[in-house]
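S.K.: Residues per chain, in single letters:
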Amino acid sequence: MTAERYIARSSAIAARMLGGEMMVMSAADSTFFTLNEVASTIWQAADGRTPLSEIVAGKVCEEFDVDREQAQRGADRFVDELSQHGILLVSDQPLMETGETDSLPSSESR
Amino acid sequence: MSLLAEMNQKALNLGLPISVHLDITYRCNERCVHCYLDHDDHGEMTTAEITGVLEQLAEAGVFFLSLSGGEVLMRRDFFEIVERARQLLFNVKVKTNGVMIHEKEAARLRRLGVEQIQISVYSHRMEVHDAITKLPGSLKRTIRAIRFLKSKGLKVTIANVLMAGNFSDQPGVIALARELGVAYTLDPTITPKMDGDTSTVALRIPGSDLKQVFNNQELVGNVEEFCAPPPAPDEDIMDGFPCSAGHTACYISPYGDVFPCVQFPLPSGNVRRQKFLDIWRNSAQLKEVRSIRARNLPTCSTCAHVGTCTRCPGLAYMEGNMRGPSTADCEKSFQRTGIPSANMLARTRVGSAGPLIQIQTLANSSPITLFKMRRVNCE
Chain A
1 MTAERYIARS
11 SAIAARMLGG
21 EMMVMSAADS
31 TFFTLNEVAS
41 TIWQAADGRT
51 PLSEIVAGKV
61 CEEFDVDREQ
71 AQRGADRFVD
81 ELSQHGILLV
91 SDQPLMETGE
101 TDSLPSSESR
Chain B
1 MSLLAEMNQK
11 ALNLGLPISV
21 HLDITYRCNE
31 RCVHCYLDHD
41 DHGEMTTAEI
51 TGVLEQLAEA
61 GVFFLSLSGG
71 EVLMRRDFFE
81 IVERARQLLF
91 NVKVKTNGVM
101 IHEKEAARLR
111 RLGVEQIQIS
121 VYSHRMEVHD
131 AITKLPGSLK
141 RTIRAIRFLK
151 SKGLKVTIAN
161 VLMAGNFSDQ
171 PGVIALAREL
181 GVAYTLDPTI
191 TPKMDGDTST
201 VALRIPGSDL
211 KQVFNNQELV
221 GNVEEFCAPP
231 PAPDEDIMDG
241 FPCSAGHTAC
251 YISPYGDVFP
261 CVQFPLPSGN
271 VRRQKFLDIW
281 RNSAQLKEVR
291 SIRARNLPTC
301 STCAHVGTCT
311 RCPGLAYMEG
321 NMRGPSTADC
331 EKSFQRTGIP
341 SANMLARTRV
351 GSAGPLIQIQ
361 TLANSSPITL
371 FKMRRVNCE
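So the protein lines, in turn, are chains A and B.
Heads up, the first sequence is in this note's numbering, so the first residue is 1 and it goes up one at a time.
Heads up, the second sequence is in this note's numbering, so the first residue is 1 and it goes up one at a time.
Treat the hints as calculated values from the structure; they're not laboratory data.
In this text, a Cβ means the ideal position worked out from N, Cα and C, and glycines have one as well.
Heads up, a few of these hints could be off.
[Said to hold, decoys possible] As a list, the in silico DMTMM-like pairs of lysine to aspartate or glutamate whose alpha-carbon atoms are at most 25 Å apart:
no., chain 1, residue 1, chain 2, residue 2
1, B, Lys-93, A, Glu-63
2, B, Lys-95, A, Asp-29
3, B, Lys-287, B, Glu-105
4, B, Lys-275, B, Glu-103
5, B, Lys-10, A, Glu-37
6, B, Lys-10, A, Glu-21
7, B, Lys-155, A, Asp-29
[Stated by the list, open to error] Some chain B residues flagged as far from chain A (calculated, every beta-carbon gap over 10 Å):
no., residue
8, Gly-137
9, Ile-237
10, Thr-310
Using the sequences provided together with the hints, build the complete structure.
M.R.: Following this line, the structure appears as structure tokens:
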């Protein structure tokens, strides 16, 4: 069984909802993303305390007509990509809210 | 279309302000010769008022926030403002002269996740830069600030405003930017003062220098493409609008006044009296700006450059008519392509006073100022 993952939004980003899509830009490398409604749902639920699998089951599958396994695979890919840019913080333990850019974890711990 | 351009288009379609330039003070520790502001405090917004405005901007959908002045660090609550802006998840860009930035301030800006710092540098030579800022030692302090900011991992851009007095130092500023490992941008636009005084316009670089800029591959990329004659305008061009001012962007002064752009002093409301969104949605002035299309411009709609000109409606407004030509941009189009604008041709035909290159007809400040600048340049 895969270890549980907890995700939290980094504070080193800029973000704003624009017409149903979330715009996110990393202050670390200026990468700019737009998130569709499903991705935005995961993003908004990324509180560091709720396991990703619970977000998928409780939010994504509840709000969108999507198969649980398919949604989990998509969520994993989404989390992997955003964590590479320091936009999402990922841990196998619940995360505290981050304060400033310096509190970003090193690439090894992402 | 890039993702950012797509988002801008989306904001435009939705009628949302995606970018706001907020001047938090007009006070400054420099007295730059070309500055369009007066530096007295006529009743700046308080910290609470500014943070309240930031909350309204976030609610309105603003993503890009430029904090500028005056010199932003003249406000003791500057970091409090930045901190609130970052809590509200704005993409924050700070414009500063850097004079008051030491290691501690640089580290704090980095910790707060500021996206970019833009710093004005007029020359790589102290005697030229400091003569423009009128603050002895300013270049040294500015360069020191850039080094601190870089060392903390911040993205820094040197903004090089070009005037007759510092034009020849431009390669030196580019070399300085390279040495410091920061980006470089130049701006040949010198605007009249916000009170209508046009004396600063005399500092603009002459057309021949503009031509030199436009033919510099290092600055414009593909010169042939950049200086190509304009294509014939089509329906899309004629239905287009000149820039984002009032459409997806606006400017807010330290006194809460809202304008379409920092270069477009058309008062459109005040956030001390009205909610920002009320102004954005209902201001008669902003509605008027939004209603203008290229085909509505009496002179420019007939101009060969109508589809490629950088016509600034704010500069046109300062010349007396927001639907009229901006002669500085006529000059740029002419120097870029060698093809005179419709405005230039019309003026030549009616034999109006003034030469073809109208940028010079605006110059009404003392020539002594110009000579002073040039002398400094030659030292």
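S.K.: Hint by hint, note whether the structure agrees.
M.R.: How the hints compare with the structure:
| no. | hint | result |
| --- | --- | --- |
| 1 | Lys-93(B) / Glu-63(A) | 36 Å, violated |
| 2 | Lys-95(B) / Asp-29(A) | 20 Å, holds |
| 3 | Lys-287(B) / Glu-105(B) | 40 Å, violated |
| 4 | Lys-275(B) / Glu-103(B) | 38 Å, violated |
| 5 | Lys-10(B) / Glu-37(A) | 16 Å, holds |
| 6 | Lys-10(B) / Glu-21(A) | 10 Å, holds |
| 7 | Lys-155(B) / Asp-29(A) | 9 Å, holds |
| 8 | Gly-137 | 31 Å, holds |
| 9 | Ile-237 | 26 Å, holds |
| 10 | Thr-310 | 25 Å, holds |
Violated hints, listed in ascending order, are 1, 3 and 4; each of the other numbered hints is respected by the structure.
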